[in-house]
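Trainee: Below are the chains, spelled out letter by letter.
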Amino acid sequence: MNPQGTPQPPQGYPPVPQPAPARNGGANGALPMVDARDVHKYFHNNQVLRGVSMQVRKGEVVCVIGPSGSGKTTFLRCINHLEKINSGRIYIEGQLIGYREQSDGSLREDSEKNIAQLRSEIGMVFQRFNLFPHMTALQNVMEAPIQVRHEPRDQVEARALELLKKVGLEVKADAYPARLSGGQQQRVAIARALAMNPKLMLFDEATSALDPELVGEVLKVMRQLAEEGMTMVVVTHEMGFAREVADRVIFMDGGVIVEQGKPDQIFSAPQQPRTQDFLRKVL
Amino acid sequence: MNPILQFFQNVVTLRGTYDWNTVFTFLFYPDILQGIIITVLLAVLAQLIGTLIGLLLYFTRRSSNGVLRGIGELYVWFFRGTPLLVQILFLNAFLPYIGLARPLIQTHFFRNLGFQQDIPLDAFIAGLAALSLNEGAYMAEIVRAGIDSIDLGQLEAAKSLGMTYWLGMRRIVLPQALRVIIPPLGNEFNSMLKNTSLVSAISVAELLEAAQAHAFSQFRPLELLTVASIWYLVLTTIWTLIQRQLERRINVSNLDPALTSGGSWWKRMIGFGGRETGVPMPAGADHH
Ligand SMILES: Nc1ncnc2c1ncn2[C@@H]1O[C@H](COP(=O)(O)OP(=O)(O)OP(=O)(O)O)[C@@H](O)[C@H]1O
Ligand SMILES: [Mg+2]
Numbered sequence: 036m037n038p039q040g041t042p043q044p045p046q047g048y049p050p051v052p053q054p055a056p057a058r059n060g061g062a063n064g065a066l067p068m069v070d071a072r073d074v075h076k077y078f079h080n081n082q083v084l085r086g087v088s089m090q091v092r093k094g095e096v097v098c099v100i101g102p103s104g105s106g107k108t109t110f111l112r113c114i115n116h117l118e119k120i121n122s123g124r125i126y127i128e129g130q131l132i133g134y135r136e137q138s139d140g141s142l143r144e145d146s147e148k149n150i151a152q153l154r155s156e157i158g159m160v161f162q163r164f165n166l167f168p169h170m171t172a173l174q175n176v177m178e179a180p181i182q183v184r185h186e187p188r189d190q191v192e193a194r195a196l197e198l199l200k201k202v203g204l205e206v207k208a209d210a211y212p213a214r215l216s217g218g219q220q221q222r223v224a225i226a227r228a229l230a231m232n233p234k235l236m237l238f239d240e241a242t243s244a245l246d247p248e249l250v251g252e253v254l255k256v257m258r259q260l261a262e263e264g265m266t267m268v269v270v271t272h273e274m275g276f277a278r279e280v281a282d283r284v285i286f287m288d289g290g291v292i293v294e295q296g297k298p299d300q301i302f303s304a305p306q307q308p309r310t311q312d313f314l315r316k317v318l
Numbered sequence: 076m077n078p079i080l081q082f083f084q085n086v087v088t089l090r091g092t093y094d095w096n097t098v099f100t101f102l103f104y105p106d107i108l109q110g111i112i113i114t115v116l117l118a119v120l121a122q123l124i125g126t127l128i129g130l131l132l133y134f135t136r137r138s139s140n141g142v143l144r145g146i147g148e149l150y151v152w153f154f155r156g157t158p159l160l161v162q163i164l165f166l167n168a169f170l171p172y173i174g175l176a177r178p179l180i181q182t183h184f185f186r187n188l189g190f191q192q193d194i195p196l197d198a199f200i201a202g203l204a205a206l207s208l209n210e211g212a213y214m215a216e217i218v219r220a221g222i223d224s225i226d227l228g229q230l231e232a233a234k235s236l237g238m239t240y241w242l243g244m245r246r247i248v249l250p251q252a253l254r255v256i257i258p259p260l261g262n263e264f265n266s267m268l269k270n271t272s273l274v275s276a277i278s279v280a281e282l283l284e285a286a287q288a289h290a291f292s293q294f295r296p297l298e299l300l301t302v303a304s305i306w307y308l309v310l311t312t313i314w315t316l317i318q319r320q321l322e323r324r325i326n327v328s329n330l331d332p333a334l335t336s337g338g339s340w341w342k343r344m345i346g347f348g349g350r351e352t353g354v355p356m357p358a359g360a361d362h363h
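Protein sequence lines, in the order shown, are assigned to chains A and B. Just so we're aligned, residue 36 is where the first sequence starts under the working numbering, counting upward by one. Just so we're aligned, residue 76 is where the second sequence starts under the working numbering, counting upward by one.
No lab work stands behind these hints: they were computed from the structure. Remember, it's a predicted structure, so these values are computed and weren't measured experimentally. C-beta: ideal position from N, C-alpha, C; glycine also. The reader is advised that the hints may include incorrect statements.
[As the list claims (entries may be wrong)] Label-pair ranges, simulated between beta-carbon atoms: (1) A/Gly203 to B/Ser138: 42 to 48 angstroms; (2) B/Arg144 to A/Asn80: 21 to 27 angstroms; (3) B/Pro259 to A/Glu156: 51 to 57 angstroms; (4) A/Gln137 to B/Pro171: 39 to 45 angstroms; (5) B/Asp226 to A/Glu248: 48 to 54 angstroms; (6) B/Leu143 to A/Gly289: 54 to 60 angstroms.
Make a model of the complete structure from these sequences and hints.
Mentor: Below, the structure written as structure tokens:
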């Protein structure tokens, strides 16, 4: 098997020039929050990512759209190393995630501790919420700061209550997930991720497991986060949200980035036939 | 008398020789009561150790290290594939070879605890080890089923929050798996209470061995086996009642953990909690 496969170069968007990442902050600390370079990913013989390169600036909100099976979830999971990549590199603020560069330039998987450390600064929100069912909403939010960061309990509790208030659920602090609606669960999940003060938030179709009437409350929280300047990568089927909130929209298909640009440009004047085709179907 | 009728009369009256008095005499005889304590001690310890071994086996069998995985599989294959009695005899015969039997047999551990009839510590440990090792092989399957029943998304959520595999296991996965593991674990303990009788083969004075000793001295095997049976029934019945209560609470809290919130984690796990949330408990579930 050829691990490089036949990566298709991204079309229709000028390839980002790729200087070596500056290690120590770089000029004006302008390191991109996410810098993915030529990421390839296989599941057995199935090549799911065929050379994905993209950058996310600090404070930027990037929405990723594309047909089912195009590799959006897989790419998102590569960003916090829930999936190993077969080739390429992903830097988080200049720091290689998941791997360590050997002196000969090859990559070796990083220690679990280092990976966990990097992940603790990247929040992730799952399609199926994945709240801890044996803990109350408040305990869910408090768990990681206490267990991972060993912060003092009362301090964490105060912040957790604040976060629950922020997502509109302070009255549900003592409720177990089984007692919450899908929309409420997802908002707790967002608060849980925020409790670690992440510098980057990843959303994987955060609203697609929800009943239609519950989608709005979750999108509202996400929009508020975006307005506060959170750096976000949002995989979504909510085209309205992408159009309104995103700074940039990326269209993926067949494991590559087919087209990207400002929401207006992508939604009003897509250049690529595959993008046009996809948008015609979903809009 | 009709020989057929005669036969049934013999069965029922045991030719008039069955002596209920012997049964009543020995039912609360000190040796027998000591035997019960040893039986319960063996069962509880072996179940505890066996459960820990089962947990350990889960991680060896799920390990990325091929050698560890092989050892785990071999272990389960061996202990499930040979009779428990053989394992008990084997370990008992094994102790002298590693020079353990002698120092142990000279330790009057049980007499120091106030037992009148001393129990050779080497045989006790051999029996306990065999019961534990054997139980570990069966608990391995139960633990595996329990942990594997937890959605992979739970561990991924834990990892995405910066937890390591072990922290995620300890805080997130295992507490949830425990709910799944407890019912079959209860059945295992029921078997364990009875399987301890096999260590009578190496003269550990547990309930059966204690009864057997008097059976021989009194020439009353039926009566003393009755005594042993009565006590085994008492033990398993008590356990069944405890188990039923435990499972009922787990079922309740599985439906809605809020019903049994509060208290320490293990109270929440096995469902002994208050009703702090003020949610009414379903009928029948609120007797403490
Ligand atoms: N764990 C896995 N093992 C094997 N194949 C996988 C795995 N996860 C994803 N795939 C495959 O990778 C491809 C891309 O999947 P991915 O979930 O990334 O797509 P997606 O763009 O998120 O789709 P959707 O919009 O349906 O969520 C699919 O063909 C899928 O079958
Ligand atoms: Mg997906």
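Trainee: Against which earlier hints does the structure fall short, listed by number upward?
Mentor: Hint check: 3, 4, 5 and 6 fail, others pass.
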